[in-house]
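Here's the letter readout for the chains.
Protein chains: 2
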Amino acid sequence: MRATLIYGAGDIRVEQVPDPKLHEPTDAVVRVLRYCICGSDLWPYGSHPASEHGDRIGHEFLGVVEETGSEVAGLTAGDVVVAPFVWADNTCDFCAEGLQTSCRHGGMWGADGVDGGQGEAVRVPQAGGTLVKLPVAVDSALLPSLLTLSDVFPTGHHCALTAGVGPRTSVTVIGDGAVGLSAVLAAKRLGAERIILMGRHTDRTELGRDFGATDVVAERGQEGVERVRELTGGDGTHTVLECVGLAPAVETALGVVRDGGVVSRVGAPQYQQLPMDFGTFFRNITLTGGVAPARAYIDELLPDVLEGRIEPGRVFDRTLSLDQVARGYQAMADRDALKVLVTP
Amino acid sequence: MRATLIYGAGDIRVEQVPDPKLHEPTDAVVRVLRYCICGSDLWPYGSHPASEHGDRIGHEFLGVVEETGSEVAGLTAGDVVVAPFVWADNTCDFCAEGLQTSCRHGGMWGADGVDGGQGEAVRVPQAGGTLVKLPVAVDSALLPSLLTLSDVFPTGHHCALTAGVGPRTSVTVIGDGAVGLSAVLAAKRLGAERIILMGRHTDRTELGRDFGATDVVAERGQEGVERVRELTGGDGTHTVLECVGLAPAVETALGVVRDGGVVSRVGAPQYQQLPMDFGTFFRNITLTGGVAPARAYIDELLPDVLEGRIEPGRVFDRTLSLDQVARGYQAMADRDALKVLVTP
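So the protein lines, in turn, are chains L and U.
The numbering of the first sequence is my numbering, which starts it at 1 and goes up by one.
The numbering of the second sequence is my numbering, which starts it at 1001 and goes up by one.
Derived from the structure by calculation, the hints contain no laboratory data.
All residues carry an ideal CB built from backbone N, CA and C; glycine is no exception.
Any given hint could turn out to be false.
As the list claims (entries may be wrong) - Across the chosen pairs, the derived CB separations fall in these ranges:
1) U:E1230 / L:H201: 47 to 55 Å
2) U:D1112 / L:M108: 50 to 58 Å
3) L:G166 / U:D1019: 46 to 54 Å
Claimed, not checked - To spell it out: a stretch of chain L is covered by chain U in this simulated footprint if at least three of its residues, at any positions, have a beta carbon under 8 Å from a beta carbon of chain U; those stretches are:
4) 93-102
5) 264-276
6) 286-292
Please model the entire structure based on the sequences and the hints provided.
Structure (structure tokens):
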């Protein structure tokens, strides 16, 4: 089969790789219907060390079950399924607590001999725990929105949920990438009435307004902080959803959060340290969030997608074939595409 | 009257100062019955810049109301009262949310023309909101425990509460100072069954055991982290109460917290940055806590003190007179005294 490999910074290739086979009785093989490129794939795209053999990449996909191991319950060949971006047994104590990203028997796609998600098929470890069955046909118009359940929309949801967003909570979302826009949608879904989106790409912030943003702040840094404070009577917002992953974004978050408020971060940290100093201490600021246990949220979010109440798949603004995936990476790196959907 | 002044690092003096008088109709004057020295007073004791005139110091006191302004409701001369370590109107929106440390009309003792708490009397701004009446006589044996309601015990409570301590929550407390021991007592009071106290002063950790600690870890740094992990099957504890304020203590906290867990910090930060890096992100660690809004908690904690269910005043291991207060600072700085009570 063909799969996407990364050979180094900026070097994405599609090549023949061995067809996936069951290794363990808990495995399944899934033929991929749709996958996509994640903002976090852009970090290796920018910095991956040169590799002679190429490394598998990708962690957001949905597809059709082709084969299941003898210990995989609840799944049959032909089922349409979505995979969360961390695989997990969904039975250990961490999974039971809804923290499947810390599963005692789980792991990452594209690492330790596990397939990446950007290919024609994937061997799925702990398939019974990992995969979620979707009651749709292989040609459903809902596939893009259902694909977002693998990562980007649950990540926005995790951000809003851990921040404590609700009907009486004002919100600032930092970042107008696909995660930031998903966080807007998630905050709106959780009942937030005031959602300030910080971003400066007009086409993206317009989608943010469609998703529920009530205000858009294009300014950045101290100017952006002052603008959000102006909009909130000087106080800042109860919650801040940090969807970038760079230190200046977190610093902005700390600048716009109201005393006693919460900054939740879901942007994969490209920093080592944060200024959680006396000022944040005296203002009782909480820093929460982290990598989203997407598996924990899919059951809850699925009905809203199936019944059309939300359309998180609108973050996809380009669809490419597997052969074109390198162009997709470049388009996202250039901020030319928001999020790229791929049909293998 | 006489009051404690700080003239520079290590230079504490007791001097005559003007008697406090009402300035505003919302003021009261309180004659101090007991005050104490806070661990946080040791930071200026170690580093206060030399001052020609001396600066007032202290923020933990209880006393008797001598006089009230015309707008002070609910208090009369003769009432025994305790003052939280930040004064506040207790009516603004932040106060209504229980965040009196961010009161819109509040402030700190010993700053901006407001008296320090370590003297024979104090002018109390926003007295109706700040002071809490205590149903005891001026010679009550409960005064030491009631005095802890001004700061150290609510600070431990804030730490445990914001961390989410409860019956099913394992706890590590970092620091065997008066705040750490108060955090142990607060965690026990909130129902924690497993409380690991990290500290190496045996007399203090023994009091910690009396307060509810089930385990004591004397090791520090990486060795301490490994010891706590050994005690918890490798996982660490759900919550970690950081009661020191130095970066290595927070690093230890991040090392012993379980995935998905919470580090709450109440040690006044003597650092600018914290290593909230990808590791803490991937493990979904929350950092919370901050300066304790003691006023928010006094009503809840008071009955347990009055009815003898808890005895937080056991953190006082030395009582001095006002004239001896400089010795008290030195004894605490030398770790010779745990916490010093002063009778003016």
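Okay, the hints, checked on the actual structure:
{"no.": "1", "hint": "U:E1230 / L:H201: 47 to 55 Å", "result": "holds, 50 Å"}
{"no.": "2", "hint": "U:D1112 / L:M108: 50 to 58 Å", "result": "holds, 53 Å"}
{"no.": "3", "hint": "L:G166 / U:D1019: 46 to 54 Å", "result": "holds, 50 Å"}
{"no.": "4", "hint": "93-102", "result": "holds (count 5)"}
{"no.": "5", "hint": "264-276", "result": "holds (count 9)"}
{"no.": "6", "hint": "286-292", "result": "holds (count 6)"}
Violated hints: none; the structure is consistent with every hint.
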